[in-house]
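Read off the chains here:
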Amino acid sequence: MNIVVCIKQVPDTAATIKLDPSGKSISEENIAYVMNPYDEWAVEEALQTKEKFGGEVVLVTMGPDRAEETLRTGLAMGADRGIHVVDPQLAGTDYFGTARVLAAAIKTIPHNIIFCGKVAVDDNAGQVGPQIAELLGIPQVTAAAEFEMAQDGNSAKAHREVESAMEVLETPLPAVITAEKDLNQPRYPSLPGIMKAKTKEVKKMTLADLGLNPAEFGAAASRFEVLGMSMPPKREGGRIIEGELPEAVKELVRLLHEEAKVI
Amino acid sequence: MAGEVLVLCEQADGKLKIISNEILTKGREISATLGTELAAVIVGSGVEPLGQELSNWANRVFVIDSPQLASYSTDGYTKALGRLLTEQQPRLVLCGASSQGRDLVPRLAARVKGGLASNCSDLKVEDGRLVTTRPVYGEKTYAQVALKGEGIQFVSIRPKAVVPVEPEAPMGGEVVKMEADVAPEDIRTKVVDVLKGVEGMIELTEADIIVSGGRGTKGEEGFGCVEELAKELNAAVGASRSVVDAGWKAHSYQVGQTGKVVSPQLYIATGISGAIQHLAGMRTSKVIVAINKDSEAPIFKVADYGIVADLFKACPLLTEEIRKLKAQQ
Ligand SMILES: Cc1cc2nc3c(=O)[nH]c(=O)nc-3n(C[C@H](O)[C@H](O)[C@H](O)COP(=O)(O)OP(=O)(O)OC[C@H]3O[C@@H](n4cnc5c(N)ncnc54)[C@H](O)[C@@H]3O)c2cc1C
Ligand SMILES: Nc1ncnc2c1ncn2[C@@H]1O[C@H](COP(=O)(O)O)[C@@H](O)[C@H]1O
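Protein chains in written order, with my numbering: chain C, 1 to 263; chain E, 1 to 329.
Looking at chain E on its own, in the form it has when it is part of the complex (with noise of 0.2 Å):
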């Protein structure tokens, strides 16, 4: 069983949460390339009929269950989990650079004294060797590194870097259910409590779509029109970190460089000059397009299409015409 690629998969109320299949996705590539087998493991409670979901993405499935790890918890997790790693010794394990991953997966690659390339844009396997993409320095550029030294090697993948493809069949996984040892005392950091966002919104890191606003919309007032244009287009919500430090928006809205990084399908920018630190979360995105009243906003010199104007008499025009769009198909 040792040397396998092992998927940390992640769920939310029971169902396997999307960054799983861009990462399992990975991981088939990554295991047949290196001609070894691929596993994934799903933790919860009551997350049984995951496991068998699962077995239809990856040879092997390992399966925690307990009431203990019902949320997620880091000091829950990291012992489950790394008993499961010392027990069976992957040569790698892959998972999201989500907020879980982000937070669980320094700790447990400490845990089992393995190396771990966070926040990679990719992975790939050249002459044997595990090589990531690392994009460093505010995305101004991006490392080539590969992975060396013993032990269990860990790569944390950003949501979006993969499209996730079913397998062509069923890979009929064998379910493994494993013992989680995990008693209440173990987990110290409880949560408390959780403060849900706004019913319905889009989560910006898994977003198809962005639309987002700067200082330009001049006020919480002014950004309306914004989000006017986002719900037709099914979009989220992002924003500069003028308009959250103006607290016209929270923090969670805000894209950049000490916001989130981004890399949707379509990505539009109202109201944004496209500073430096701007572009650093979401200048991978695939479309870029620009609204902006100065011609020579730097925003215009990463965008594919611009718009030169003023955004309050654009977006209701644009919301207008998507919603001409949609209604022909």
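If we strip away everything but chain C, and leave its shape as in the complex, we get (with noise of 0.2 Å):
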């Protein structure tokens, strides 16, 4: 079993935001960088398909040199080989493009499964697994919250939450599974783990390395045109309502009647 699965580094959920001096993006200073969250519980998916049915898991990460660390934290977890898409040209690539990248990357490897993210918790998009398959051919089934590979190895049940219920799908392999929180728990790297992820496998790739043509990709390609940043309105922390409580609750639905009208 050919198992892909596709990471983003991004900022910590926990880390303080700020805007660069452009106001255009954020300051990289004083940020951490992790795994995106969905993707860890795409590549725990993958390891757990991996121990059951045998076979390898590749993770394809596309982004600047740190994201080699990234690809790192996954190798430490179980994964077995890298592939970093790593190239200058590539900054402010929009996901079309981000999933262009990855589906030629993926073509260079065997593969009966792709995992990647639900989304991306940093730019919030969504959009590049089900891109990837598009791009691929192949069926998808996004937000899984539940996953399983047929016996044969063919095809796999998913269950995917929609409004105020579960849909159980059937896909043929190979497909693009996106992962849902709570699809699994996924593991820490052990330390014989993160011993281990120091010599695995990091192959480096170039757009040229890739066949795809630079002019295609980067900030000029894009889509989009960032205008600025701007922090959400601050929510002025409100009022304490006093008083002993059945008093405070009578004038907290008095309030929320009658001054917010929201009740």
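It should be emphasised that the hints constitute simulated quantities derived from the structure, not laboratory data.
Treat the hints with caution; some may be incorrect.
Selected chain E positions facing chain C (Cβ under 10 Å, derived; list incomplete) [unchecked claim]: (1) Leu16; (2) Lys17; (3) Asn21; (4) Thr25; (5) Gln52; (6) Thr133; (7) Ile209.
Here a beta-carbon is modelled for each residue, glycine too, at the ideal position from N, C-alpha and C.
Since each chain sits alone in its own frame, please combine them into the complex, following the hints.
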């Protein structure tokens, strides 16, 4: 079973976000980078699938030099090897461009299943998984909350939450599966795992290596232009309603009804 | 026909979903500003009556009706809509960032080589350009993003980001029936079962009022008073991640960065500390109420109204007061 997982390096969700002087991107100062949380669920599902069916787990990332750390984290969890697409021309590439690069990298290796995260928590796009599927011409299950491959390895069952219900889907493989939270319980890298990860293969690839035209990637080719970034309107830490509880509750209901008019 | 604004509508069991009216309302504003027509499309089986309903909301309504499209499938919908878009070449395709929109539209945009600004909280026209607002980095900042480049542009807008408003007069749109050349074998990924949620449960992302409980509820049993309050308010029930991780509530209840992003009129947080990842999911609520026994809890920094109290005492009192209020009305 050849299993591919696309992983993205993102700022830690607990990081304080400040803008850089341009006001168009965030300042990278004092930011700790981690694996996109949804990709942890994707890696874990890949490892569990390999444990049941055998085979190889290959991680693919596109990103600057520092993204290699995230690959090493995944390798320490137990993945076998990594591909790191890194090219100065890629800075500012949009989602479809990212999907094209990742699809091109995936085409260089055998693949029965491709796991992605449901969404990357930095840019909140949720596009790359389905777009890889489209580029490879294979089916998709997005936001899988449960995944199980059939014994013969030719199909899989997955659960996907829709408004107020859970769909049970059956898909032929190869397919792209994007991981929802709670798909599993991601393992922590073990100490021996971390040691081993240092020597595992990480193949660096450029756009040229993938046979892609650099002019079609990067900020100039992007479908988007960031005009600016703004901090959300600060919520005025409001009023604490004092007094004995029964009176405070009465006052709260009055305020919600008469002042805020929401009940 | 090219150059229109086209809204992808959603239906369930032959009824238009509220997200469709939200997006149509935004579509009407944008098409008016751009000076173009507004079109809508509805896909399904036996959905022709919806075409008539939608003609009140748009200048043109495409109806793609086929037994193969009775339930949503990525493959079936991508094929049917991909063909419509290739033929019609709208300038802008608008849809909801609902579970269907999030599954379908990235793939659809890729099929017709368009660009997609996803999960937007707003869309405006500025100097003739389409400019979206995209909450990024866990709602810690908003990016103003202009769309550029050739071809069709797609924008998906979150549920409840727009208040649906009916047109002043029915728009009398022409209803155009389109053929769907979708064969059973086109649909590779199939829905084999649907596990329904709790009867009468209100979907979080669609709710006007949400009552959420956190670790302070101390367990499934303790969560009961939160649910009773929700029931009295006709509200949806939410939970913090701690509650979900502890197994007191299913993942579908989770509000936050790795849960649902909600934007109700009223969000009541009980026994929730207000971690940054939780705030990411609810900070755009119109009014936030916090009930927490720790006056230092960060949730109070974003709450419009707070009560420092034991939730096991406060929730039943609040339920009772609301019952009284309802009795007066
Ligand atoms: C990558 C990542 C993603 C995450 N995503 C999410 C997410 O999507 N959603 C989310 O919610 N969290 C998320 N978290 C977790 C988040 O950091 C917090 O751990 C979590 O929100 C805490 O939940 P809580 O407020 O219920 O629990 P706690 O932080 O333990 O707070 C419990 C609160 O209850 C109060 N309390 C206790 N007893 C009572 C009582 N009797 N009456 C009144 N108040 C009482 C306490 O004072 C306290 O403030 C994420 C974390 C990470 C690292
Ligand atoms: N630069 C990247 N490198 C590797 N995988 C990525 C990259 N960007 C996105 N992905 C994958 O696509 C998923 C969704 O990302 P996005 O569409 O950007 O929200 C992520 O969880 C990853 O699995």
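Tested hints:
1. Leu16: violated, 14 Å
2. Lys17: Nearest chain C Cβ about 8 Å off; hint holds.
3. Asn21: violated, 15 Å
4. Thr25: violated, 19 Å
5. Gln52: violated, 25 Å
6. Thr133: For E:Thr133, the interface hint holds, since the closest Cβ of chain C sits about 9 Å away, which is under 10 Å.
7. Ile209: Hint on E:Ile209: holds, closest Cβ of chain C at ~7 Å, below 10 Å.
Comparing the model with each earlier hint shows violations of hints 1, 3, 4 and 5; every other hint is respected.
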